[in-house]
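So the protein lines, in turn, are chains A and B.
Residue numbering for the first sequence follows the numbering used here, beginning at 43 and increasing consecutively.
Residue numbering for the second sequence follows the numbering used here, beginning at 43 and increasing consecutively.
If you are wondering where the hints come from, they were derived from the structure by calculation, not from laboratory data.
Keep in mind that the hints are not guaranteed to be accurate.
In this list, chains with the same sequence are indistinguishable; a pair is considered to hold if it fits within one copy or across any two.
To be verified - Here are the computed lysine-lysine pairs in the DSS-like style, where the Cα-Cα straight-line distance is at most 30 Å:
1. Lys611 - Lys701
2. Lys306 - Lys376
3. Lys129 - Lys161
4. Lys306 - Lys229
5. Lys441 - Lys201
2 protein chains.
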Amino acid sequence: MSDTTAYVVFTPSGRRGRFEVGTPILECARRLGVDLDSVCGGRGMCGRCQVLVAEGDFPKHGIKSSPDSVSQISAVEEKYASMRGMKVGHRLGCSTRLLNDVIIDVPPESQVHRQVVRKQAEARDITINPVVRPYYVEVGEPDLYHPSGDFQRLASALKLDWDIELQDTDLYVLRALQTTLREGDWKVTAAVRHTLGKYDEIVGLWPGLKNRLFGLAIDTGTTTVSCQLVDMASGEVLAVAGAMNPQIRFGEDLMSRVSYVMGKPESVTEMSAVLRDTINQLISENCDEAQVDCTDIIEVVMVGNPIMHHLALGLNPSELGVAPFALVTNVAVKVYAEDDLGLNTCLGARAYFLPCIAGHVGADAAAVVLSERPDLSKEITLIVDVGTNAEIILGNRDKLYAASSPTGPAFEGAEISCGQRAAPGAIERMRIDKETLQARYKVIGCDLWSDEAGFDAAIEPTGVTGICGSGIIEALGEMYLAGILKTDGVIDGDLAKKYDCVQADGSTFSYLIREGEPEIRIIHSDVRSIQLAKAALFAGAQLLMDHMGIDKVDRISLAGAFGSHIDTKYAMLLGMIPDCPLDKVRSVGNAAGTGARIALLNAQSREDIEQLVTRIEKIETAVEPRFQDHFIKAIAIPHLDQEFPNLARTMTLPARSEKEKKEAEANNGISRRQLRKMRKSGG
Amino acid sequence: MSDTTAYVVFTPSGRRGRFEVGTPILECARRLGVDLDSVCGGRGMCGRCQVLVAEGDFPKHGIKSSPDSVSQISAVEEKYASMRGMKVGHRLGCSTRLLNDVIIDVPPESQVHRQVVRKQAEARDITINPVVRPYYVEVGEPDLYHPSGDFQRLASALKLDWDIELQDTDLYVLRALQTTLREGDWKVTAAVRHTLGKYDEIVGLWPGLKNRLFGLAIDTGTTTVSCQLVDMASGEVLAVAGAMNPQIRFGEDLMSRVSYVMGKPESVTEMSAVLRDTINQLISENCDEAQVDCTDIIEVVMVGNPIMHHLALGLNPSELGVAPFALVTNVAVKVYAEDDLGLNTCLGARAYFLPCIAGHVGADAAAVVLSERPDLSKEITLIVDVGTNAEIILGNRDKLYAASSPTGPAFEGAEISCGQRAAPGAIERMRIDKETLQARYKVIGCDLWSDEAGFDAAIEPTGVTGICGSGIIEALGEMYLAGILKTDGVIDGDLAKKYDCVQADGSTFSYLIREGEPEIRIIHSDVRSIQLAKAALFAGAQLLMDHMGIDKVDRISLAGAFGSHIDTKYAMLLGMIPDCPLDKVRSVGNAAGTGARIALLNAQSREDIEQLVTRIEKIETAVEPRFQDHFIKAIAIPHLDQEFPNLARTMTLPARSEKEKKEAEANNGISRRQLRKMRKSGG
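Use the sequences and the hints to build the structure in full.
Below you can see the structure in the form of C-alpha cells.
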C-alpha cells in the first residue's frame, strides 16, 4: 500500500491485478481482459464504461474499498453527467483513476457480452457477442509531405486504438469517406463487422461519436412477415412490426407460388420486389416507433422456409416444387441488405440468412433449433413449429432429425368455415357443458368468458368474429370429451334429437357454438380439415421417432403463433402430438423469430447453427412409405392405436369401443385422395 | 524396364519420375508438379494438355524415347483432332498413357505459366500467372435422400477435382446456378478467382466446357481512354480500342474537371457515367473485333492518374484539387466491374485498380513502374511518362522516387498554333537545311519525306493537317541546330532579312515549315509553351536526382504516346531530359497500358507493385522551392547551366556565348507568372 501501485479486483468476473497508481480503471479492465464496454476508446464521451466502486471491507481480498480508493469525479465526468445523465454512484471507467486497492463492479449494462434475459421458462439467456460494433477514432489529417490516403489513416487509427485489421473495403465506404471525415473534423465512428477468425470490415461510418446501432430480425413466413428492431448493444427489442406476406397475391400457399414462378420465371423479380417493399414498410414502422434512423441499421438476420428463403434472395424456387427438391444452397448466405436485397438500411449492412436444412426444412427451422437448442440436452425433445406447414425437429445431444409435414393452413384458421387468424374477436378458448352440451368461450382481446356478466359489452366494438386455430383445437377437444365428436371424426347425429346445438347439415351434422350474428359453428368438413392437419403433424413426429428408434419423447415444444396460443392439453387430446408428461409440453412462442434474434446478437451462434445443421438428419416425408401409414392411423381422434397414458392421468378420456375404432379405420379411406391433394398444395 | 513401371522426363522443366505403366501423362505431370495446363481435368475435351513425345536416344537420361513409349492415339484424341484440329505429333496428355521410359516435351502453349514475349528490347517477358482460371467439373445431381444445395455439390466437385476451397459466394452466382447446371446437364465450367494465399471465389459459370476467358487492361488518361482485350490463357492482345475521354466536356484539363466537381458535387456520378459509357463502347468495339462475348470477360485492370482513378471509381476528386491533395485511398482497390462500375462484363468480374502513389502520382505511374521495374536493377533509371501531366520515376533497386510535373498539354500538340494530336497527316519528323533554312518533313501515315517524289500523292486524301508533339520537338531542335532558335527561345529576327521562311509576326517572328493550305508554322508562343513544358519535366527529374544525391542517370525510359514517337536525341537536345548515353535512352511505348496488362495476367505482379509503391518516396514538386529554381534554369534551350556531354559526342551543338546565356536568364523572368498559371491548370 505504500508503493506506487494498487490492487484492483473486478466483479463479477473476479479478475484482478496490480497497476500503477493513476491508471484509469478502463485501462486496468482492458489489460485484465475484463468485459468493460467502450465506444469512444476512453475519451469520456460514450458513457459505456460506467462502473461502481464498492464500499466496505472485503477481507476475502484483504481490501478496504471506498470511493476514495479512486480519483475524484473529474470535469469530464461532470460534463458527461450534465449532458447525458448518470446514475448516482456510477463512474466513467475511463476518467476514474486508481489510487488505492479497490473493488470495482462492472454492472451488466457496461458489459459488451451482457446477457439478454428471455422471459420463457427454461430458455437460455442470449449472450451478446456482437457481429458489428461501433468504434470511435480520431484520424490523422493528410500531410503533403507524407502522402497517404484518407482510408489508410482511418485504418491506422482503428488498428492503433482498437487493434482492428481491415481488409478490402467496399466502394460505398470509400465514396462517403472524405466527406464524413471532414464533417466530423477527423473524429468519426466506424461500425466494424467482425467475421469470426477471419477479417474485419467497415460497415458504416458516421461523423463524431455514434453510440447506438441497430439490427433487424426478420421472419418471412408464407402468410405473414414480421420484423423486430433490436438495439445491438443492449439486445433490447425496440419495436416489432408485422404484415401479411404480399406474395399471397401470387398464390395463397407455397406451391401455388412456385407454380406461378414455373409458368413465369421472370416473376421471381416481382415476387422479391413486393416482399422487399413490405419489409421496407415494416422497417419504416419499426424506425418510426423507436425513433431510429434506418441508416443506423447495420445488420439484418432473415429466416424463412426454403421457398420464402429463395424468394427473399431473388433465387428461383422452381426446383423446390418438384422432387428432388434441390435447394440452390443449403449453407448460410451473407449478402448486402441494401445492394442485394434493396432493404432500407445502412449501405454496408449485411443480411445473414440462416442455413436451410433441406428442400422442405428451411432457415426458419434452423432458427427454431437455435432458439431451443435440443442438441444441448440428454433429454429427447420434439419441437413442432406450426405455421402453414409444420416443421418437426426431434432429438437430443446425440442425434437430431428434421422433417416438414404438409399440415396445410387449417391450424391457422384457414379452410375452416368460421375460421380466422388469431386476432381480436376470434374465439380462442372453449368449454362444453357435459349436461346441456352448450358451449361457453373466450375471445382474443377480452378476459371474460361468454357466460360471464358484461361479456357482450366487453367485446365491443369488435364483437365475436370467428374462431382461430387454438379455438378450433379446444372446440374439437371439448366436443370429443362431451361425446359430440366420435373417434372417427363424425359429429354424432343422434344428439340432434335431444340438443339444439347439434344440427343436421346436409347429410352430416354441425355443432353450434354461438347463435346470432355471426353464427359460429363447427361443420363436418371443419373436423376433416383439422383431422388431416393433425394427422400429418403426428405422422411426421412419429416418422422421426421411428428413425430415432424411440416410442416416447421427454419434452415437447410447440412453436409458432399457433403453438403460443394453444392449450397443450387439447393438442394432445386431439392427437396432434404424441403422449408426454404434460408439464414437459411447452409453448415456446415465435421460436423462429427468437432464433433470428439470437443469430443477430451473437456471432458464435451463427457458427453453432451452421455446424449443427450439418449434423441434422433430414427426413423426407414424401418418400417414406411409413409416413402414409402413420398418417392414416393418426386421422382418428386422438389416434387409431396410440395410447396417451400421461394425458389419461390428467383427464378422463372417453372410452372407445372396438366398433367405434373399426368405423374410424373404415372412414379413413376417404383421406388418401385428400392426402394427395394436401401434398400438392402444402409443399 | 522389365517391371511394371516406367520413367518419364519432362522438358523443358527437367522434372522426372517413375510411374506405373498405364498412367496418363497428364497425371504424371501433375504428380511431378510439371506446368501442364488442363481445363477439363483430363477428359480429352479442352485440348490444353497437348504434349510432344521426343524421339531418339537420350544417353544423358539413359532413355530411348519414341512414339511407341506411350499408348497409341486413342479414340478420344481422334475425336478431339477431328473436331478441333491438332498439330502433327501432338498428343493429349490426358489420353496418352505411359508404356515405357520416355521424354515428354511440354510446348509453351500447353503451360499455364507460359511467357508472353514483349517486343521491346530489354523488357522482361510477362509470365502468365492467372488471377482467374476456368475449371470444368461434373457436378453430382441432387438426391432426395441426401439433400444438399446445388452450390454445395458444385463446391464439392471443385474441391475433389481441383482442390479449390470456395468461400462465401456472391448472389449473382447463386441466382444463375440452377439453370446453368441443368442447361449443362450437370457439366459446367467455373471461372474461379484466386486471391493469393487467401480464398477462391467463383466469378462466372457456364454450361459445358468453356475454354477461353478474357480480360481487359484499361488506361483512363486525361485526354484519351484505351482498352486492350486480352486472352487470359495465352496473354495475347486480341484487340485494342481507344477514344477521347468524354469528360473533356467538363474541362479540358484535370484541374478544370476538379473545379467543376467542386462547384457541383453531384456531377461525380455524371462524370463517372460518361466515362463508363465510353469504356463500354470500347469493350463493344474490342469484342466485335475479336468475336468475343463480353460476358466472357472475367477480369479488368484499370490505371489512371489520381483524378481519373477517383472519377472512374465514382469517388469525388475535390480533395485532389487542393493541398494537401488527399487521396481517398492509396492502396489497390478491387471492385465489381459490373455492379460497382457498370461495365459490360461477366457479372462476377472484378476490376482491379493499381495503387496510387500520391495525390499527384497515380495508378498509371504504378503501372509504368510495373512495366519497367526500375527496382530490379543496380543501374539508376529515369522514367518519364509524358501525357497531359508528366509522371517521373527515378531510382534503382536501393531506392525509388516519384513525382508528377505540371507539363501541361503542349507535348500532346495542344496549345500549339498548328499543333494536333499524333494522327495521320501530322508532321512527326523534320529536318532543316543549314544553307537554305528550308524544312523537309514526314507526316504520320506516309513513308516519304516531303521533298521526295510522289509525296503529295502519297499523303492523299488526308494531306498535311498539322504538327504533333514529336514533330514540334524535332522542329525546335532543328531550328536550334540551324541557328534559327536562340538559347533564350527567341526566333532570330535578323534571319528574316535573308530567308523567306523566317517572318515577322507582330513584335516576334515565326518560322514557316510549309506554305499552302494549311500553312504550318512555329510561332513565338509555340516555342514558349514547349519551353515551359520541357522545363517542368527537366526540373522534376532534377528534383528527384537531388533527392537521390546523383547528378547523372544510367538509363532513361520515355513512356506514353508522345514518348513512343519521339526521337530521343531531339528530346535531349531540347533539354527535356538530362544527359545520358544515347543508346541508354529508350522509348518504351504505352508503359502504363503494359503495366495494366502485366497486372491483368500475373497475380504475383499485383502483390509486387502493392509492396513496391509503399517503398517509393513521393516528392511533391509544389512544395519544393528547388523545383522553381530548377524550372527557371531549364527554360533556356537546352538549359542554362547543364552540360550534355553524351549528346555532344553524337552531334555538333551550337556554341553559346555568355551574352546569349545572359539574355536567356533575363528573359526567364516572364515565366514566373506562366509557371503559376501552369500550376493552376496542370494539377
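Hint check:
Proximity of Lys611 to Lys701 under the C-alpha cut-off of 30 Å is restricted to the intra-copy arrangement: shortest distance 26 Å within a copy versus 116 Å between copies. When the C-alpha separation of Lys306 and Lys376 is checked against a cutoff of 30 Å, the pair qualifies only within one copy, where the shortest distance is 27 Å, while the shortest distance between copies is 36 Å. Taking identical chains as interchangeable, the C-alpha atoms of Lys129 and Lys161 lie at most 30 Å apart only when both belong to the same chain, with a minimum of 26 Å there against 77 Å between chains. Taking identical chains as interchangeable, the C-alpha atoms of Lys306 and Lys229 lie at most 30 Å apart only when they sit on different chains, with a minimum of 26 Å there against 52 Å within one chain.
When the C-alpha separation of Lys441 and Lys201 is checked against a cutoff of 30 Å, the pair qualifies only between copies, where the shortest distance is 28 Å, while the shortest distance within a copy is 43 Å.
Hint compliance for this structure: every hint is met.
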